[in-house]
Every structure is written in structure tokens, then in C-alpha cells.
Amino acid sequence: EDQVTQSPEALRLQEGESSSLNCSYTVSGLRGLFWYRQDPGKGPEFLFTLYSAGEEKEKERLKATLTKKESFLHITAPKPEDSATYLCAVQAPTDSWGKLQFGAGTQVVVTP
Amino acid sequence: GAVVSQHPSRVICKSGTSVKIECRSLDFQATTMFWYRQFPKQSLMLMATSNEGSKATYEQGVEKDKFLINHASLTLSTLTVTSAHPEDSSFYICSARDSLTGGRDGYTFGSGTRLTVV
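Protein sequences appear in the order of chains A and B. The letter at position 45 of the first sequence is residue 62 when you use the working numbering, and the numbering goes up by one with no holes. The letter at position 15 of the second sequence is residue 18 when you use the working numbering, and the numbering goes up by one with no holes.
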């Protein structure tokens, strides 16, 4: 069975303290891995899609990387506005409708 | 960028009544939309996949007679919670996949609907 596991569950950072979030998955033949940011009471906001091992993408203070078994979301010199829950999701090739399976998320709090 | 409008953002209804939630893609066509449910401090649980012009595909354990989905056009899908009960109270979120890109640029989510059944 396909599984997506995110760690840690929660992360508290000081402003400027870089860290990484992990998303490990067990999917045969990954079609795509997605990272989203979700603020309380809002829908997820798209950050990145990664398709193949070795791929990296960056956006401001965020950088996502992908290996054959996991993905990392690196937050460099975070600011309080980076506080949010970060979700990763995978898409398996067996699903013709393109369903995404989400991990439980990592709640990040950045304090000034 | 792609925008998905979801309405209402909050709704309170009495037990036994029905509630309709709309999900509309504003600047792109979406032959496929997805409906999720999210409990506090938990991740998104896929309820069903909505396909324009055909019946929705429901995930295991989701009652299709309770959660009616209609995807009548390329830009609109609706979720109706029928005969709502307090246990249906939750945060409902839709997402849409751009028909042109196939979701390669990411699936766009609505802002969610907080349903409270009293």
C-alpha cells in the first residue's frame, strides 16, 4: 500500500534558524511529488512539483529535493511569515485520475 | 495564476438539513476536481474525484448518497452534504486540475468551507 510519512510532526524555529522537513514515501513508480503550504483555516497553496530523483526546485527561502525514497523541504533563514503547515503529497502512476495522497504534514512555527 | 473559488467559506446548519458547497475554477478549465475533508490538526482525506459529465468516483468508506457530487461544467463542481449531522462538521476543501497542463504545475485548491452542524 502506498504511504506518505512526514517528519517531524512539528518544528519550532528561531527566525534565521535553517532546518529541513522530511517526506518519505513508498510508491511504486512515482509520477510526481508535490509540496504545499497550508495556513490555518485556508486551503493548501502549491509550492513545488518534483518528478524525478535528483531534481531540485527553489522558491525564495524554500528548496525542495527528491530522492528515490524521500523528499526534503529545506527552509533557509526562515522568517515568522514562513510559519505554516507544510504538506507533501504523491501521485502514483496507477491512478488515471491523478489523485494525490497526502502526508500528515509538518507544522512549522518561526519565532522572532 | 490559477484560482479556485470555493463558497461558502463558512456555514452553520441545523441537523437534518442539506448544504451545498461550490467549487469553481476561475481562469482555467478543469475536467477533474477533487473533494477533501480535513479534521483539526490532520491531513487532507480524499473523499471523491469529480469528473465533468460523468459520475464521481468515491473513496472507500465515503457514502455517495450522503455526499452528492455534481460536475456539470468544465469550471464548476458542487458537493452537497445531505441530511447533515453533527459528525459531518468538518473543513471541506476542493481542488482542481487544469485540463490543459494536466496538473503539471500543481493542483489548485479552494480556500475551504468550514461546516458546522448544530
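Worth flagging that the hints you see were computed from the coordinates, not collected in a lab. Mixed in with the good hints there might be a few duds.
Said to hold, decoys possible - Subject to a maximum C-alpha distance of 16 Å in a straight line, what follows is the list of computed EDC-like cross-link-like pairs (lysine to aspartate or glutamate):
1. B:Lys-69 - B:Glu-55
2. A:Lys-116 - B:Glu-62
3. A:Lys-86 - A:Glu-72
4. B:Lys-44 - A:Glu-98
5. B:Lys-23 - B:Asp-68
6. A:Lys-86 - A:Asp-56
7. A:Lys-96 - A:Glu-77
8. B:Lys-44 - A:Asp-56
9. A:Lys-85 - A:Glu-73
10. B:Lys-17 - B:Glu-62
11. A:Lys-116 - B:Asp-68
12. A:Lys-76 - A:Asp-99
Stated by the list, open to error - Away from chain B, derived, C-beta distances all over 10 Å, residues of chain A:
13. Glu-32
14. Glu-34
15. Pro-61
16. Leu-64
We put the beta carbon where it would ideally sit given N, CA and C, even for glycine.
Hint-by-hint comparison with the structure:
Proximity of Lys-69 of chain B to Glu-55 of chain B is assessed by CA-CA distance (about 20 Å); at most 16 Å being required, the pair is judged violated. Restraint check for Lys-116 of chain A and Glu-62 of chain B: the C-alpha separation of about 11 Å stays at or below 16 Å, so the hint holds. Distance check on the hinted pair: Lys-86 of chain A and Glu-72 of chain A sit about 13 Å apart at the alpha-carbon level, within 16 Å; holds. For the proposed pair Lys-44 of chain B and Glu-98 of chain A, the alpha carbon gap of about 19 Å is over 16 Å, so the pair is violated.
With a C-alpha separation of about 14 Å, the suggested pairing of Lys-23 of chain B with Asp-68 of chain B holds against the 16 Å cut-off. Using a Cα cut-off of 16 Å, the hinted pair Lys-86 of chain A and Asp-56 of chain A is violated, with the two alpha carbons roughly 27 Å apart. The suggested pairing of Lys-96 of chain A with Glu-77 of chain A holds, with an alpha-carbon distance near 11 Å, which does not exceed 16 Å. Taking the CA atoms of Lys-44 of chain B and Asp-56 of chain A, the gap is near 11 Å; set against the 16 Å cutoff, the hint holds.
With a CA separation close to 13 Å, the supplied pair Lys-85 of chain A and Glu-73 of chain A stays within the 16 Å bound. About 26 Å separates the Cα atoms of Lys-17 of chain B and Glu-62 of chain B, which puts this hinted pair outside 16 Å; it is violated. Distance hint between Lys-116 of chain A and Asp-68 of chain B is unfulfilled; the C-alpha atoms sit about 21 Å from each other, more than 16 Å. Distance hint between Lys-76 of chain A and Asp-99 of chain A is fulfilled; the C-alpha atoms sit about 12 Å from each other, no more than 16 Å.
Glu-32 of chain A, annotated as away from the interface, keeps every beta carbon of chain B farther than 10 Å; the closest lies near 24 Å. Against chain B, the non-interface label of Glu-34 of chain A holds: every CB pair exceeds 10 Å, the least being about 23 Å. Residue-level check failed: Pro-61 of chain A sits 5 Å from the nearest beta carbon of chain B, not beyond 10 Å. Annotated as non-interface, Leu-64 of chain A brings its C-beta within 10 Å of a C-beta of chain B; the closest such distance is 8 Å.
Hint violations for this structure: numbers 1, 4, 6, 10, 11, 15 and 16, all remaining hints satisfied.
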